[in-house]
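Engineer: Now for the letters of each chain:
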Amino acid sequence: MKLKGAEIVWECLTREGVEVVFGYPGGANMPIYDAMLNYPIHHVLVRHEQGGAHMADGYARVSGKVGVAMGTSGPGATNLVTGIATAMMDSVPVVFITGQVSAHLIGGDAFQEVDVTGITLPITKHNYLVTRAEDIAGVLREAFYIARSGRPGPVLVDICKNAQIDACEFVYPEEPKLPGYQPVTRSPRVLLDEAVALIEKAHKPVILCGHGVIMSKAEEALMQFAVKTQIPVTSTLLGLGAFPASHSLSLGMMGMHGEAYANNAIQNSDLILAFGMRFDDRVTGTLKTYAPKAKKIHIEIDPSEVHKNVFVDVPLVGDVKTVVSDLIPLVDEYDHDEWLEEINGWKNEVDSRSIMNWNEDGKLYVAHLIADIWKATGGGAIVTTDVGQHQMWTAQYYQLEKPNRWITSGGAGTMGFGLPSAIGAWFAAKDQEIWAVAGDGGFQMTAAELTTAVQEGANVKIAIMNNNFLGMVRQWQEFFFEKRYSAVNMLTPDFVKLADAHGVPARRVTKREEVNDAIEWARKTPGPVVLEFKVEQEDAVYPMVPTGAALHEMIRRPVKQAG
Amino acid sequence: MNYTFIALVENKPGVLNRVASLFRRRNFNIESLAVGRTENPSVSRMTIVVDCPNGEMDAHRIEANLYKLVNVIDVQDVTHQPNVTRDLALIKVKVAPEKRAEVNGLTEIFRARIVDVAPDSVIVEITGTEDKIEGMIELLRPIGIVEMVRTGQVSMTRGVNVGVRRMPGMNGERLEKVAELVAAP
Chain U
201 MKLKGAEIVW ECLTREGVEV VFGYPGGANM PIYDAMLNYP IHHVLVRHEQ
251 GGAHMADGYA RVSGKVGVAM GTSGPGATNL VTGIATAMMD SVPVVFITGQ
301 VSAHLIGGDA FQEVDVTGIT LPITKHNYLV TRAEDIAGVL REAFYIARSG
351 RPGPVLVDIC KNAQIDACEF VYPEEPKLPG YQPVTRSPRV LLDEAVALIE
401 KAHKPVILCG HGVIMSKAEE ALMQFAVKTQ IPVTSTLLGL GAFPASHSLS
451 LGMMGMHGEA YANNAIQNSD LILAFGMRFD DRVTGTLKTY APKAKKIHIE
501 IDPSEVHKNV FVDVPLVGDV KTVVSDLIPL VDEYDHDEWL EEINGWKNEV
551 DSRSIMNWNE DGKLYVAHLI ADIWKATGGG AIVTTDVGQH QMWTAQYYQL
601 EKPNRWITSG GAGTMGFGLP SAIGAWFAAK DQEIWAVAGD GGFQMTAAEL
651 TTAVQEGANV KIAIMNNNFL GMVRQWQEFF FEKRYSAVNM LTPDFVKLAD
701 AHGVPARRVT KREEVNDAIE WARKTPGPVV LEFKVEQEDA VYPMVPTGAA
751 LHEMIRRPVK QAG
Chain V
586 MNYTFIALVE NKPGVLNRVA SLFRRRNFNI ESLAVGRTEN PSVSRMTIVV
636 DCPNGEMDAH RIEANLYKLV NVIDVQDVTH QPNVTRDLAL IKVKVAPEKR
686 AEVNGLTEIF RARIVDVAPD SVIVEITGTE DKIEGMIELL RPIGIVEMVR
736 TGQVSMTRGV NVGVRRMPGM NGERLEKVAE LVAAP
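For the record, the sequence lines run as chains U and V. Each residue of the first sequence is one higher than the one before, counting from 201 in our numbering. Each residue of the second sequence is one higher than the one before, counting from 586 in our numbering.
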């Protein structure tokens, strides 16, 4: 069967089971957009390529499939860059397809020519420049395979215009030909035995659950393992949801804004079991004093993560689900009652400082609002966020029971991620309730995608936590720069009018008593809805581990004086 | 300390850039990098010498990160393995005809060769380990080096060795061997 390169692109996407593509057409990918009309794959016209990248990212995280985003050459491709880096840092499988000028023009600084494979080299798992139609099928086969296998990640395929136009015989390869790419999935028995020996000896063990647990669908294995060994579980920001927050062994989130008792547990533990996480600086604090008494077992699919930040005693390289499943029959049942008791002591102490126990003072606090949304949605919504204070409060107070419903930019910390990723999530789970929580700063970065949501009828509820500040930067300036506020005071547009201009129903909430009604109204109103909450301007996220401090040296929320 | 890695890579455009980029991205300093074809036209071979201030930990990171590149087929850290290492230099020395004998003598001692003679200069070709070449350079310098080029170090382990893909924590055990040790389900 002879097909044009552009048709081959869609043939390949069809064979990979792609349902939806987020993209933007332009000069160098017009043949692809022309061929698209003959294929049943749904295309979402985004308003900015960054939005498209985040949509594909959100879609991939919720569906567990590979997301696809497209852009044209030059600025179309460079606009994708932030989204590519975001997917890379959080190991999200996305295939990016960009148009490129014709092969004979490459290197000549042609119109809209940019060295896209050069630019994206360090922020993709792998990338390709395709100059001939004959290569498209093989490359796309490899791209999807690389994106979803091993440690998942973004793969970019840059296709020259001549390759899109030329025709050739179409054969979709059965197997990708990748002699140098063989992800390790199982750990050797000798190392498993070493790990078991450490687990047997431990009195104060703790499991650190990362994004890898969710990516490898290991939540059931984790539950079995934790219950059998009675080891408490704390999560990284991206690991939230892998272990139910309501479980007695759950310690919630660790790290810079993690639960104090989770951080205390890590610092006092004698054995750390890291499952699919990478000891990011945001979860370790200073490495000099990190978990000083603990032996460390690291289950990780990417060998380059082993010993990267923290030296570990037993590295178990492999797929988390496979390795944990291999471990379960090897471990005995233990009880760590004393240890759990000790942790509970810290837990109860924290409760007295919790903002949840504050008396009503008429103001709106983001933490309370998140708890309200949590209550209203029964804790079952898919929640996406932007980056900053509201993100941390959502992580702390939207208590998750299930994986693949907490969509946030962890590693890259990309502002503007919330709204587009929610739209992407909607395409993966149209029957579910979806909330995008954003700050006033981040929302304005990708607010143009509101129109995309309207055009697609995306049923997403957008909660803007407006404090007229870039809140997290303000908090750092308060804590570490003597409250010298620099470029954080932000004028915001009238978000209700802005939404109205887009044809989106919206409400502004300024009083406590309006909150529940507004949330219910948003839930009942079909399609996209904006709620703007005018929140307390100078609240801070607690606890906080300052940069360079030890994990247990947290700034704690002051106990609120009565009255 | 300098570590030496041998990488077998797919012979495709851009692969050298990927490898070089990796060292920049992870903040390592390449001392020397030599690339060439192998007996298999689809495979190129690189010998990379890298400064590893943190010794084995850095070497592990480099090895693991090289593996991560899709186009890298195999990596060997040959630093501590018996190996043959060579570097080739062409050194152009400005020398008047009456002093050529001195250069000739030195070349013989170092088992180097004079590969070109011009009225007032000669080109010396020397192959050997880095030490040997440095030694020759030191002796030629007072005579007058005009130009010099070096290929960079190439290395090959002794005996039959088809590549060592190590597993972290396995004390340098080869992956093939590790695979045999993998727990049965």
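Be a bit skeptical, because a hint or two may be false.
What the hints assert, rightly or not - Examples of chain U residues lying across from chain V (beta carbon under 7 Å, computed):
1) P503
2) S504
3) H507
4) V510
5) P758
Bear in mind the hints are in silico, worked out from the structure with no lab data behind them. Quick reminder that beta carbons are idealized off the backbone N, C-alpha and C, glycines included.
Engineer: Look at each hint and say if it fits the structure.
Structural biologist: Evaluated hints:
no. : hint : result
1   : P503 : holds, 4 Å
2   : S504 : holds, 4 Å
3   : H507 : holds, 6 Å
4   : V510 : violated, 11 Å
5   : P758 : violated, 41 Å
In terms of the numbered hints stated before, the structure departs from hints 4 and 5, listed from lowest to highest.
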